[in-house]
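Engineer: Keeping their order, the protein sequence lines are chains E and F.
Numbering-wise (the numbering used here), the first sequence opens with residue 659 and increments by one.
Numbering-wise (the numbering used here), the second sequence opens with residue 6 and increments by one.
Honestly, the hints are just simulated from the structure, not real lab data.
Each residue gets a CB set at the ideal place from its N, CA and C atoms; glycine is no exception.
Do not take every clue at face value.
Said to hold, decoys possible - Rough simulated footprint, nothing fancy, chain F against chain E, three-plus residues with beta-carbon under 8 angstroms: (1) 694-706; (2) 748-760; (3) 796-808; (4) 827-838; (5) 898-908; (6) 1019-1027.
To be verified - Stretches of chain E that chain F covers, calculated by requiring three or more beta carbons in the stretch to come under 8 angstroms of a beta carbon on chain F: (7) 778-791; (8) 931-942; (9) 1095-1102.
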Amino acid sequence: MSEDDIDQIAEAVIERVGDRGEAAVSVQSGTSDLTRFANSFIHQNVAERRVQVALEVAFDNRVASASIDRTDDDSLDRLVERTVHAARLHPADTDWPGLVGPTPVPESLNWDEAVANASPEDRAHRVAEFVAAGPGMLSAGFYDTEAYEVVYANSNEHHVRGRFTRTTLDGIQQTDSSAGKGHATSVRWADIDGAAVGRAAAELATMSRDPGTLEPGEYQVVLAPGCAATIMIFLAFYGFNAKAAIEGQSFFEEGVEQFDPAISLIDDGTDPRAIGLLFDNQGVPKQRNTLIDAGVSRSLSHDRRTAPKLDTTSTGNAVPGSASFGPVATDLFLEAGLVSQQDMIAATERGVLVTEFNYCRILDPKTQVVTGLTRNGTFLVENGRISRPVSNLRFTQSFVDALGPGNVLAVGGDDRFAQNEFGDGTTHVPSLHLASWNFTGNAQG
Amino acid sequence: MSGAYSWMMFDLATAAVEGALAAGATYADARAMITREERIDCLNTVVEALDQTENAGVGVRALVGSSWGFYATSETTDKAARIAGGRASQIAKASATVPGPAIELADVIVSEAHWENEIDEDPFSIPLSTKADLLVAATAEMVETDGVSLARGELGFFRTEKYFVSSQGHRISQTIVESGGGLSATAVGESETQRRSYPQAFGQYETAGFEAIRRFDLTGNASRIAGESVQLLAAPQCPQVTTDLILGSSQLALQIHESVGHAIELDRILGWEAAFAGTSFLDLNDLGSLQYGSPLMNITADATLPGALGSFGFDDEGTPAQRVDIVTEGVWVGVLTGRDSAAIAGLPPGGMVRGDGYNRLPMVRMTNVGLLPGEASIDEIISETRDGVFMSENRSWSIDDRRLNFQFGCELGYEVKNGKVGRMVRNPTYTGITPQFWGSLDMLASESEVTYWGTPNCGKGQPMQVGHTGHPAAPARFRDVRIGVRG
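Next comes chain F alone, as it looks inside the complex (with noise of 0.2 angstroms):
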């Protein structure tokens, strides 16, 4: 991007800073920002949307008394961004009909900076043939297995083009372009249907280039995915026990996202998503002695971990990209915290506030929330499984509005007995109780089998805000878990 260009995005968040503060704002900030997107989806090698999203425009923060008042405009003028920027102010006064204690925000570094991700292809250069090709050659790999009815490939690609302007003389800009895709191949029974993702449910995303895609390898996992759809419809159901669970790092990467990554959110632990996303069971009295999980559970935030998708250089409050610990030795010590939640907790800021786009105001937000790994491998936790269960892939998820209660449903799973992997099994299910299945963790694979994973579809939020978040985690057990709920 230009020099001259980079000015007037940082003039206009400028202009809606300056609007905000001759509104009567005590502290305001804005983002002027450019957000390009692209997606394909193929059906079974017929490429059924190809769709391209350019976004512009500015949203700006103004802080009054209890408030945060929050105005959005796609119109990209010096006039407009003071107008929004007056309008955010007016909006938060009108707060205090029903006001609160006042909001004081943590002191954080006053950063003028610069940062980009690294690419080695950047995705938007890539001709659409050749992405289209990709998905109809992996797509036509699948359909050629008998009882396939459904192969399905996906490709999303984001750039996103932030500049950040405070009232406190922030002036960061950031480029952050994502990358990724995956596969799905379902086969449709008589009774039900049976699917398998490659390289995992809903595809993995990661802040990277189309060398991501590349690496994936999706054409040469096609065939292995469609055929495993296919065994799944004659395999036995999973059964219904409490026995001994072994989670591949993918569905882990999911039960860390909703059963410890909401958990943590301050926003949550405070209240502030009560009615919609929920609390937590967290009480920050709690903080530094409860017990999460076992000794083997250490879980970090962070935000500087080079392509994984929750990555960032600063988060959209102006605070730096940092590595907090969450859960050490199975202890709690550290949550997701924004400015003004972080105020409130007597906490350092840690640099997790994020908006989805321009129009959306700012809130608490999962960075790449991981599990340290252990020193095991996955083949020493089957060799050291006398009765269980290996499940992979997400197929279904949920969990009560504390964080508490789950289920979960994965695509595949695999009796282990004796220290070898069984018969596969069809519709695995496991449920539990966050501490409790937490404190159950026993084996951990290391470090050479943790996958970042990402989760590109994080809803939280009023308006509803779609996240991206990472999640790095390897294959690990847990014990005397209930599997196999059906209805």
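Extracted from the complex, chain E is given alone in its bound form (with noise of 0.2 angstroms):
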């Protein structure tokens, strides 16, 4: 499907509404491909083709919003008259917006051929090449593609389009103790190299191989850009979202130094290394915005929902859902420093180097207690040095109090795309060393 076919599609989808209420409408046609592997060979292969068509209708404030797969005359016309129905049925809504005016949105980059045009047979090539990487080893993961055009029209004469790529390289490379993580996303096919992200797993497994036991307790740790990543989205979703600051459910105070100078924490969708549109759910442009500037807590991230009710402006941050669960930054870049990981480790008397997270999940959003485990390689560090690997860790740690002031020790200079618990793609980060990190539990309870 053409960028000019999804544009007819949305025109056509607004001409049906009329004049019987405001409607913003979005169309989104692409392909989503992933091949996955696991004990060293590909054993699921996806594909999907698809077309999606949201319409949002505000009638005199009652809002209601229906979307569809499909875009023959009929499916576009039960889209439009279920959705009219039932705005007319819906209570009214005091926090509707309304709609945004013409506003011109750049044009975007972030799209490469060579991602929308890959076929299963390149896919197998790079998860070949993982795979290669680790003699021995029984590898598991994914590959995937994804490439979307989307175009975002509503009854106030704003039309946007937009289109973009994105593909990720994630796997683990396994011993008969142990396993290790590599990780590569980026908007271009070019940038991923296979051999590397698999060579990359295979020495974490290899050096985190027959892990001891590690008494819990509070300990320094160095963390990799898995784990910081885990800990922006965390941020972002629970503490930035200016819908759950509204509610009093954030810890975000603005002008205040809440975390500690070396963190500055900024979402650009605009950014070039940036993936994904530049306009977000409402047909707002992303922009550049300082959430975090040296450790002073600066902005929220604001749709159009929430920013008339602090008296701002959208930050560009509507994303599907956002009317419930608020706004949320979806192009998080923390500041690098100049540390290495290794001059981490040799700056660390005694702690413990984190490669990855998993399965955090929060006690309490206002304290940002976390409560996740470790994974994928954990490590002692005595004296500057790794002493010896350790199995698994619980902890249960404030992700703010973890970052506050005087609590983070180097920031490092290995910044990328990492993986976080919300997706791939969303988080560019580099490693952290942090003074104290609340691990409450291992293998043993």
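Since each chain comes alone in its own frame, lean on the hints to assemble the complex.
Structural biologist: Below, the structure is given as structure tokens:
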């Protein structure tokens, strides 16, 4: 389906609503392909071609939304009539912000034809490179490609379109007693080196063979980018989410030094490294928004529903579902430092190197106390070097406190896209060296 | 659904299977599906979201050598379905670049059948205004309580029509209607928040019609949970001790889900989910001998329970729904299987493979994995507990990639002293290791206290799939559990 086709579908939907209400439509068309491997062979290999038409209609502040994945006339008729009908029955939504007017959005460069046209054979070759990099090990993971074209249009004469590609190779190499992980995400096919990702995973798996136990307690930690990514997305989702702040569920205090001066966190969909569209789910252009500036909490992520409540403007952070759970930053960049992970280890008298977090869940959004585990390589550091691998540890730790003033000993220069618990391509982060981390359990309980 | 319409959907699935076979698949199956979903979210008497989704399409699975190839399209024409089948085979063939042992499928009865769950009131025929008014009234009741900052209500309804065809001759249609929802009240304090939910955290969902929502009596329970959320802010912290733990049935349902349901998935045991969801501490060599828990522990996976969220007529491989013993008197005896994984393990396929929509590859999924009841009552459990804590309704959950080390937080806790319920405590948490924890089960409530709890948000697979599972459970007691872990 061409860009012109989805433009026409969007306009056809707006036309069908006519003067019966305000209307905003988003049409997304594209491909998602994923090749999955385990026990060192490809066992699941999937692809889908799909179009999704999402419509929001407002009638005297009565708002309803609906979506459908077909574009024939009957289906579009049904989509429009059902949504208009639902809106008329809906109680008034006092937070309905109206529709954004015409606003220019820069042309997206987040597209790579090689990703858009990748074949199952292409993906299989990348997987083969990963698997070959771990001789004698069991490999598992996935390699995926996605390419989408999106149009947002509304009855307030705003019409924007964009497109993006993303590709991710994420996998582990396993020995009989350990595992290590490798990860790479990019807009571009050529940026992914299957062998390099596989070697990184194999190296960690080798290092973490035959882990011993470690007593739980407070330790200094060196957190690899995979851990920092999870911390940042939790801060963004539960803390810098304007709806959470308005509801009193966030730790956020504007202008207060809540974090160490070494921490600067920016949400920037316009960064050349960013992946995805240059406008949000309400058609608002993405922008650079400093969430933490040298330790000081500066700004929240807003959509058009939250912004008026705090006398500000949308920061372009509406996502599907944000009417209920609030706007979310999806292009997070933690400003890198100059220190290498090796230097962090060298500066640690006794601590723990953690390469990845697993299954993190928040106990209370206001305190940001989170419990989770380590995975795929955890190491005791003593006297400036890795002394031995240790089995997975459980932690119960406030992410805000962990990054509090005086608690960040160093920020790494190894920033990259790293996987967080919410998805790929949304957090670009370096390693962190933190003064204290509360490990509350190990394999024994 | 009219007969002609059913034929059309079956024809679509058949075309996809024929396309796959023509392109070289040794086996193929396809699901033509129409799904409809409606969700209403309400906060403090304002309906924040009213969203309706309708999807239709065909997903076809083709087997070539050691890999499944899967292709899905939302284009519902004969031509598109045949192309989809061909592409599924092409994708499976591409997997031969990194080959493994050839996949075999365990035998199943080849069925031609129709199944649908019984409902009294079609939730999609209930006016939207009725549903919205219910949530507005319930949240209005909650905000009446001083100190309640956030009064939330949600309703969700699903209607799934599936038309399944396989190259072995299956031809099965199913219509499954699910309904659910719930309330939560949050009190925001100076430094923390406290939440109470009803009927359980994240809502209760069933294979049922709107009658389930009426049965919940949301408005009748709104004021109670609102008051409890405010009381929790002033309650003392849960003590940090090792003591006896009494779990309410909805928290026990999640405990079953995380520390039994996922651990017994055969795809995890075989390493197929190693990189993402993880593996399992269970080893097939120990099937039939491993002591999973105390003799009181009897777990079944039963997809035939009327009304439970994990019930259906046939799974997405055409295998009939059935009841399978998982743990008997504390001994591990069964797993959750699909046709491919069952063949590897030499076990009969249990009919436990489902996909999240037409565009997702079906995978091993829990059905209704539940704990069979004991003979006690919650009153007896409390009266026989000298020193312990009662916890109910989940607030946080985390477990490691082998399903051994878990930590749960609950919304509500009460001290139990000398056989009586004592003070309310806030931030109750507990942690443990799976077999030791289940080994400490020593009292279990009876059939009359069993609830078929539903979990509508079970994530697994890549691309991520959200599964609907059921977990029958009654209140139970566990001895010497570490509680009160906090950051």
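Engineer: Return the numbers of the hints above that this structure violates; sort them in rising order.
Structural biologist: Structure breaks hint 8 only.
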